[in-house]
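Protein chains in written order, with the numbering used here: chain A, 117 to 420; chain B, 1166 to 1415.
Keep in mind that a hint or two might mislead.
Unchecked claim - Here are the simulated EDC-like cross-link-like pairs (lysine to aspartate or glutamate), alpha carbons at most 16 Å apart as the crow flies:
id	chain 1	residue 1	chain 2	residue 2
1	B	K1242	B	D1253
2	B	K1244	A	D227
3	B	K1289	B	E1231
4	B	K1362	B	D1277
5	B	K1362	B	D1278
6	B	K1242	B	E1303
7	B	K1289	B	D1325
8	B	K1375	B	E1194
9	B	K1242	A	D227
10	B	K1289	B	D1277
11	B	K1244	A	E413
12	B	K1244	A	D412
13	B	K1289	B	D1324
14	B	K1289	B	E1303
15	B	K1242	A	E413
16	B	K1289	B	E1323
17	A	K384	A	E248
18	B	K1242	A	D412
What the hints assert, rightly or not - Which stretches of chain B does chain A cover? Using the computed rule of at least three CB atoms under 8 Å from a CB of chain A, they are:
id	stretch
19	1187-1199
20	1227-1241
21	1312-1323
Quick caveat, the hints were computed from the structure, so don't treat them as lab data. We treat Cβ as the ideally placed atom computed from N, Cα and C, and that holds for glycine.
Spelled out, the chains give:
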Amino acid sequence: MDVYLPIANLAVNGLVIIGLGALTGLLSGMFGVGGGFLTTPLLIFYGVPPTVAAASAASQVTGASVSGAFAHARRGGIDYQMGAVLVAGGVIGTGIGALLFRLLQALGQIDTVINILYVLLLGGIGGLMAHESVAALRAQRLGVPVPARKRRHHPLVASLPLRWRFYRSGLYISPLAPLLLGMATGILTMLMGIGGGFILVPAMLYILGMGASVVVGTSLFQILFVTMATTMMHALTTRAVDIVLASLLLLGSVSGAQIGAQFAQKAKPEQLRLILAIIVLGVAVRMALGLGYRPDEIYTLVPL
Amino acid sequence: MRCAFLLIILVLIGGAREPVLVPEISQHEIQVRQGFTGADLLLFGAILSPEGTRAAQGTDIVVVLEGPARSIVLREKQKVAGIWVNADSTEFRSAPTFFAVAATRPISQIVDDKTAAIYELGLKWLQLSPIGVIDPSEQQRFAAGLVDLMRRQGLYQEDDGAVHTSGDVLYQARISLPSSVQTGTYTAETFAIRNGKVVASAITRVEVKKEGFERFVALNAENNGLIYGLFAVLLSVGMGWLAGRLFALV
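All chains, please: the whole structure from these sequences, using the hints.
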């Protein structure tokens, strides 16, 4: 099924794109991450221009996180106060990200920066997740209970001024901490076309020290709004949102997300996290190799 | 009066040596619509001498199809501190977005380098108008890099045997455009070459344009960013929500 993408200026096989959407949707349903970290590099690999890939992947993440966010909202799993602060930070972050994007594009280093960010972030977080889930699985087999992690926020967070009470998260911390965290994910979303869920969730748990019951819901809430802001930002600045590409990705990912959510209920969470960690590490290694080996084509062209 | 008549005769005789090219193209307009996967253009025509006799004998045909030019930055990756990054770049003011050359036999056998360079017969002779001062060897390296990059995407082509002649009168060449072609006016220039000299040339034009839905999307993305973005957001939220509702029913 050949589909012409009017913004990417390219004909693609529609079924491949839908399948790609379904794959990332499956991941997002199973693990609660956006799946953008897979979509963007795969689209680029398929020949879609990098800017169009990042811009259109953001709207796919929106679609994939909608139903999850609704489900958590019904269960009361969203701390709206915390979510609002994170979203505010995220929107500021997309603005900063847009400026950075332009600057790096003018310097010709946008691709390299995106690749290095991928390697560092995916490598770091994938490694962390793998380490933790392996430890958890081993402890389970031996029958030793996993030592409960003390839920405390990072000392740096405590040193910030101006404290608010976040009742649902069970926190009394400065709103600057989630604001900065939101900004960081906003910048990453704009640059990499990822939702930032796989960064946000561990950060909320280990840096902010939020209660586990509201972490996933609140992160989905934040991702939902920040990816919406990202899509708008791309539509207004880079003008690279390809509505046809986004529709195809959405078609696959929204269905994939539902199926993934059903899988997730049956599987063990430690195993799910190990699988996710392996996928994330795989992408990071592939990207690192891409940076180190001589590329097949060393020239790139940008219209002036 | 007598003088003028003689002059006309002389011009006619002089002109009689030069063949006339009558070029035609299978499509003067290519519409980029949904399902567009590229197009095949047939460039054909006849070479005639003014008396109407066969003229193609000993004449070579070169067809050059050129897309709209644009200014570009070409970046070159180099290994810096163990990773490949964009380290060098150059700017070209007029790099064609599409360039295809077809000929009856290898161009180096048809004309000398000077003629080839004047008429841009071949990818080697592209006139890219580099911006700023760069030394010729560097310029050549970048030009070769551009040609290599564009060839891989099927946007630059050079085919030595793609022009077929029949009966010493007709010629035809098939050039395929990939789906990633830019919209705009394409010019197809046909050259008749005899003994290393261009004896006749003629130009035809092809218009490549987006039509219907594709045109609508491209225009709105460019001019109505706000509404376009809002629509994209609504679409993604709507589809996510709908999928949630549908699967809840199952």
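Structure-based check of each hint:
no. : hint               : verdict
1   : B:K1242 to B:D1253 : holds, 7 Å
2   : B:K1244 to A:D227  : holds, 15 Å
3   : B:K1289 to B:E1231 : holds, 14 Å
4   : B:K1362 to B:D1277 : holds, 9 Å
5   : B:K1362 to B:D1278 : holds, 12 Å
6   : B:K1242 to B:E1303 : holds, 14 Å
7   : B:K1289 to B:D1325 : holds, 13 Å
8   : B:K1375 to B:E1194 : holds, 10 Å
9   : B:K1242 to A:D227  : holds, 11 Å
10  : B:K1289 to B:D1277 : holds, 13 Å
11  : B:K1244 to A:E413  : holds, 13 Å
12  : B:K1244 to A:D412  : holds, 13 Å
13  : B:K1289 to B:D1324 : holds, 13 Å
14  : B:K1289 to B:E1303 : holds, 15 Å
15  : B:K1242 to A:E413  : holds, 9 Å
16  : B:K1289 to B:E1323 : holds, 10 Å
17  : A:K384 to A:E248   : holds, 14 Å
18  : B:K1242 to A:D412  : holds, 11 Å
19  : 1187-1199          : holds (count 3)
20  : 1227-1241          : holds (count 7)
21  : 1312-1323          : holds (count 4)
Violated hints are absent here; each numbered hint is respected by the structure.
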